[in-house]
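Letter by letter, the chains look like this.
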Amino acid sequence: MRCHGLAAISGSENRFLCLPAANPKPFSFSAHRSKPLKFPSRIGFVSLRAKAAVNDGFVTAAPAELSFYELLGISESGSLPEIKQAYKQLARKYHPDVSPPDRVEEYTKRFIQVQEAYETLSDPRRRAIYDRDMASGLHLAFSARRRYYDDEVIEQRSEWKNRWQSQLSELKRKSKYKDAGGNMSWASRMRRRREEQQSD
Amino acid sequence: MAEPAYTVASDSETTGEEKSSSTFPEIAIGVDIGTSQCSVAVWNGSQVELLKNTRNQKMMKSYVTFKDDIPSGGISSLLSHDHEMLSGSTIFNMKRLIGRVDTDPVVHASKNLPFLVQTLDIGVRPFIAALVNNVWRSTTPEEVLAIFLVELRAMAEAQLKRPIRNVVLTIPVSFSRFQLTRIERACAMAGLRVLRLMPEPTAIALLYGQQQQQTSHENMGSGSEKIALIFNMGAGYADVAVTATAGGVSQIKALAGNTIGGEDLLQNMMRYLLPESESLFESHGVKEIESMALLRVATQDAIRKLSSETSVQVDVDLGNGLKICKVVGRNEFEQVNRKVFEKCESLIIQCLQDAKVEVEDVNDVIIVGGCSFIPKVKNIVSSIFKGKQLYEGMNPLEAAVRGAAVEGAVASGISDPFGNLDLLTIQATPLAIGIQADGKSFVPVIPRNTTIPARKDLVFTTIHDNQREALIIVYEGEGDKVEENHLLGYFKIMGIPAAPKGVPEINVCMDIDAGNVLRVLAGVVMPGSRQPANRVMEVRMPTVDDGHGWCAEALHRAYGSTLDMVTVQKKA
Chain R
1 MRCHGLAAIS
11 GSENRFLCLP
21 AANPKPFSFS
31 AHRSKPLKFP
41 SRIGFVSLRA
51 KAAVNDGFVT
61 AAPAELSFYE
71 LLGISESGSL
81 PEIKQAYKQL
91 ARKYHPDVSP
101 PDRVEEYTKR
111 FIQVQEAYET
121 LSDPRRRAIY
131 DRDMASGLHL
141 AFSARRRYYD
151 DEVIEQRSEW
161 KNRWQSQLSE
171 LKRKSKYKDA
181 GGNMSWASRM
191 RRRREEQQSD
Chain F
1 MAEPAYTVAS
11 DSETTGEEKS
21 SSTFPEIAIG
31 VDIGTSQCSV
41 AVWNGSQVEL
51 LKNTRNQKMM
61 KSYVTFKDDI
71 PSGGISSLLS
81 HDHEMLSGST
91 IFNMKRLIGR
101 VDTDPVVHAS
111 KNLPFLVQTL
121 DIGVRPFIAA
131 LVNNVWRSTT
141 PEEVLAIFLV
151 ELRAMAEAQL
161 KRPIRNVVLT
171 IPVSFSRFQL
181 TRIERACAMA
191 GLRVLRLMPE
201 PTAIALLYGQ
211 QQQQTSHENM
221 GSGSEKIALI
231 FNMGAGYADV
241 AVTATAGGVS
251 QIKALAGNTI
261 GGEDLLQNMM
271 RYLLPESESL
281 FESHGVKEIE
291 SMALLRVATQ
301 DAIRKLSSET
311 SVQVDVDLGN
321 GLKICKVVGR
331 NEFEQVNRKV
341 FEKCESLIIQ
351 CLQDAKVEVE
361 DVNDVIIVGG
371 CSFIPKVKNI
381 VSSIFKGKQL
391 YEGMNPLEAA
401 VRGAAVEGAV
411 ASGISDPFGN
421 LDLLTIQATP
431 LAIGIQADGK
441 SFVPVIPRNT
451 TIPARKDLVF
461 TTIHDNQREA
471 LIIVYEGEGD
481 KVEENHLLGY
491 FKIMGIPAAP
501 KGVPEINVCM
511 DIDAGNVLRV
521 LAGVVMPGSR
531 QPANRVMEVR
541 MPTVDDGHGW
551 CAEALHRAYG
561 STLDMVTVQK
571 KA
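Same order as they appear, the protein sequences are chains R and F.
Using UniProt numbering, read the first sequence as starting at 1 and increasing by one per residue.
Using UniProt numbering, read the second sequence as starting at 1 and increasing by one per residue.
Among these hints, one or two may not hold up.
Said to hold, decoys possible - As a list, the in silico DSS-like pairs of lysine-lysine whose alpha-carbon atoms are at most 30 Å apart: (1) F/LYS287 - F/LYS226; (2) R/LYS93 - F/LYS456; (3) F/LYS456 - F/LYS111; (4) F/LYS305 - F/LYS52; (5) F/LYS339 - R/LYS93; (6) F/LYS356 - F/LYS339; (7) F/LYS326 - F/LYS376; (8) F/LYS378 - F/LYS440; (9) R/LYS93 - F/LYS440.
Think of the hints as simulated: they come from the structure by calculation, not from any bench.
Treat the numbers as computed from the prediction; the structure is a model and nothing was measured.
Next comes chain F alone, as it looks inside the complex (with noise of 0.2 Å):
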């Protein structure tokens, strides 16, 4: 084996801005990094071809093992079994910590992993460590994600026989821009380029859209538009899409996306079948370690099973005196299930409404990801669409790097001579972007599910007489509530000229640009004048570092409302 080139570049805050300088277009490789598998596609020039590693599989299990000074990922390792990944010396899950604080319910979930996931509960990001040499080291998901995509870019490079700097990453509808920062840090320190970071079922869609258009083109039709859903699920997170694409062009009408998976699967059924396992392993002793390890295994091949088996045997001696024996019936795992699974229903439907698209005019419904094997899932997507067959066009596990990969090319710039690149996808912002006003609000200015590039404005105006300055402070989410969403950055606004309350208008315009940067602007003006009080403000967001958990808070202690807002009304 080629020696492992594990270095880091870098952990300096770069974006990846800088252009390429060389004309000739290297197309750029997709990326799916999921929570436990991950896979690299790229098209060849006539279609998309998925990678190898060399053992010869396709999909890798996502996850760094820690072992004296030398990290493996698992690209390149070999584990003898499950449980050595389990034996706290690996870190996994990686995308369901990363960029989160330690407040996040999704952190607090992730204690009772073999590997070490420590909170403070302040708002700070959590402290992770391995197991090594019998010493927790810590790390950061950050690193961790640097590491395995070396170890992924170098079997691409191997393989494709050529530098590899550009690629296109998949990522869950519900991340915050703030969490895209953190990937975008992760790929810039193993000296990869992001070139898109593509929401997971948008990257279906254009899959999708291509195979649309193959097929108008067999049949010499028109290609009228169809309706598309797509229900992602896999073991992080659980993400929907509606799409219309006709002549290539797919546009995404809704994104809907939440933090359910099958590592919520999981875990209900260990606590299931173990209730006192969470307060028995929380001491992360090597014993317990071991021990928890042996449950999860049983309890994933356990739910594996389910999937083609009405009831399943559990036998696993978990040592310490601790043992599990049992007879466990899909009704029982659906069960203890339920809420996982009406959460995905409610994403459906919530995303259908979004579109404000009916159940009959969807041509076509996608599922795909880990969790589409399971029967649960399938009935709940069938039973909102009143037995429609699902669509067949597609490898569950594979569709979305595939996409990744068509994306890779049509970004490129690569053209095909039968068109099939010729294709365009619409995207959609997956979460609204607003400030903070009207006390604790959250108030959108550009709202979820608004085609981008976009750029709209919204007018604020003083709470107080005389106030001179106002500070913009910039959430992003679903919640009415500023403290619901995810807080992308500040900046105050100095100079307002002396007025009642309510007379300077407080201009913020929001600008998402085509490669999905967004900036804000702001600015005064007063009645009757033709010029800005003052200079406008142009801020890049995210603006937020580590920490932010605590950043709203300090904010308000130090400010109160002394430099709060109101939203304007519409004059009668």
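Excised from the complex, chain R in its bound form (with noise of 0.2 Å):
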């Protein structure tokens, strides 16, 4: 048995392969793969989960087909400040503190599709695709196609890191300190320098 346990399918020790899964199993909409599991809903979170096929409930639960730019109300050639707006005006009615105590279920269901829809749309990069499938009538395959959207985003991320990382490296070669104790204060890790020191 290796140690700890450690027995990464390969590619796993990185540990952003294995954030595509987050949409679990991604092609699985074609039925005769295993189902999806169905978790029990819960008080005020009714299960996301339960519609058919497609694995992804965000996209498939309740208002089974609409489209993102339908879920938000809007055109298909909204604008970014329109998708800001129709999604701030949903949030008011759908967001959990503010639905009547009667709805809080089901609405939060919606909330969360809102803010999914919100998500896409408002970036360019994902709007995009998500756009090109719409057009080759893929997007009830959306689930599928997300593993992807999630690919960009690891990628936008890292772009946008990397205009950071220069002022961020400079400030950690300042300060030379190895950040390992996360929460650690400098306090403590002075302290723990000086016995470092102490026991040579």
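Join the two chains into one complex using the hints; note that each chain is given alone, in its own frame.
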């Protein structure tokens, strides 16, 4: 047995590689693959996976075949300010903090869908891919495509990161301390360092 | 003065989940318990009002003094001088101690406070004691906080002339969910029901959202989206948030927080003025505590003065032949605390990065908290934002409690004829939540800065042939390795059908509802099957209690890797 049970499936050492699996079995909507797990509902939280074959509850639950544009109630040519405005209006309606007490469950579900639609459409790259899928009639298989979206997110994030990276590494260089302790205060790091010196 | 009612209701694990049966909406009060100071505010029907204690103070010190059988807190008691607070009989800084184990560096950094903080370094909660009649009497941070809250509640009830039950409390961004349960427990002990626990900068974001909405009403504008960066640094914690607000809806785009604050600045300065201070005071004898108190007060004064002056004369006789007579320049103070300030800078940059917001996109930069008066802190922020004028519409010490009071009114369902409570804050998770897999890796299921409510899942699989059980060990944090994160709980999935390794699909779903309650669901599906192979397990987190520091280690010792899981790669 390997130490600590490290038995990563090839490539899984890279933490990022497992992110796309956030949509379990992306292609499982071809119904003969195993059926996705149906998690029981909770108070204020009905199973979002209570739908048939497509694995991603957010898209295919309740209002079965609404596109993201329909979810937000905007046209497919809607601008970014329109998307933001629509999102905030819908949040005011569906967010559990403001929804009528007897509909919290239903509205929370809807809020998560709206959130998903907003996150996709407010990001130009994700929106472009979504539009392309819509155009080829693929948008029902959205969850299958979404794994690429996740890749996009990572890619984009790293691009963004690069711009900051020089600044951050400069900071790190200046402070010359390892951030291993995470929430370790400077005082305790100094103490540790002193202890190390003393024991030398 | 009214007779103090210092009875703590119960020490049970109630989290106050029962619904209020009253139909009359009781306005929840907003409470900001800071590491050093505390304040209470309430929506009075048209605006936020800060409550004052009998000595007419809005800001009260967060401490509890133990004397004979009656402890008294900073709300009602009157200390003649700061030194009295440092005599060993007073517990303070409880916000830095609550919910932490004795291996935590923050606990270790608290060992040179005048009261006793003892650690065994095995991952249990530290031993904390106050000096009462020359005896170290033990207590816990929860108990101290509960006593303090009882006083605070009595003060609010006396002023508002109604019973107080519901509260909105502000908390640091870096608090783990386990720490939140300790806060809830202290509230339950004080007979208070927690309506919301708001990360501090999000309370400020709500207040900002309200101000923006009022401005846009006045200007009859459509209320275009405004982005603000909030930096809040108090005595114990530094927090950052990026918020986007329009039409009363504030969306928290990113949060970042750390345990750096004025207390670190103070300790670093104390060490600078008297390098051997820690070893000198370790014994906690009566004389040592006295010297420690003198040094602490003198240093505190010096730091305060250095905010307005460029140098300060420190002149203090600590007794035992120890004297400090030194001129300290502001530049020395900044140099001694260089790393704290650098950490502030990287925290802000990290938050901007997480929010995917450029410096130029930020409309307003808000800095609040006790440390916001320090020139260096202002310099850091203004250099990141290229000299941009800082937002001026907020009292740096009152912003958080005012935001909490607004949330108290909104969450209590109060409406305002002028639309001043027509507000919504869309919260995000400050820390990632995930499980242990791929060895000792932390695999997030809900990444940090995910909008709440949220529901996400991830598929894992077995690492051994015919592995019939698997351990789900839930952590919260940012580290790549599980041991860098906070353990929230664990449970075992049983009845996995016999199969070669990598075949069973273990579906782990995490669900955070509007009340910020986290549930972890797990079930197994075999390929080709339409039914789960076993019953789905649902566990409300956190499940760990005190002593969680050694749980993970104990699990590992008992099971090794026999019940481990790995992530499933996407199909090519």
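**Message:** Holds or violated: F/LYS326 and F/LYS376, Cα atoms, limit 30 Å.
**Reply:** holds, 22 Å
**Distance restraint between R/LYS93 and F/LYS456, which requires alpha-carbon spacing of 30 Å or less** = holds, 22 Å
**Prompt:** If you draw a straight line from the CA of F/LYS456 to the CA of F/LYS111, is it 30 Å or shorter?
**Reply:** Violated, at roughly 41 Å.
**Message:** Does F/LYS226 sit within 30 Å of F/LYS287, going by the straight-line distance between their CA atoms?
**Reply:** violated, 55 Å
**Asked** Does the alpha-carbon distance linking R/LYS93 and F/LYS440 stay inside the 30 Å limit?
**Response** violated, 42 Å
**Request:** Please work out if F/LYS378 and F/LYS440 have their alpha carbons no farther apart than 30 Å.
**Result:** Between F/LYS378 and F/LYS440 the Cα gap is close to 40 Å, so the pair fails against 30 Å, i.e. violated.
**Given pair status - F/LYS52, F/LYS305, alpha carbons within 30 Å** = holds, 27 Å
**Prompt:** Are the Cα positions of F/LYS339 and R/LYS93 separated by 30 Å at most?
**Reply:** violated, 45 Å
**Asked** Between F/LYS356 and F/LYS339, does the CA-CA distance stay at or below 30 Å?
**Response** Cα-Cα ~25 Å, so holds.
The structure fails to meet hints 1, 3, 5, 8 and 9 from the earlier list, while all remaining hints are met.
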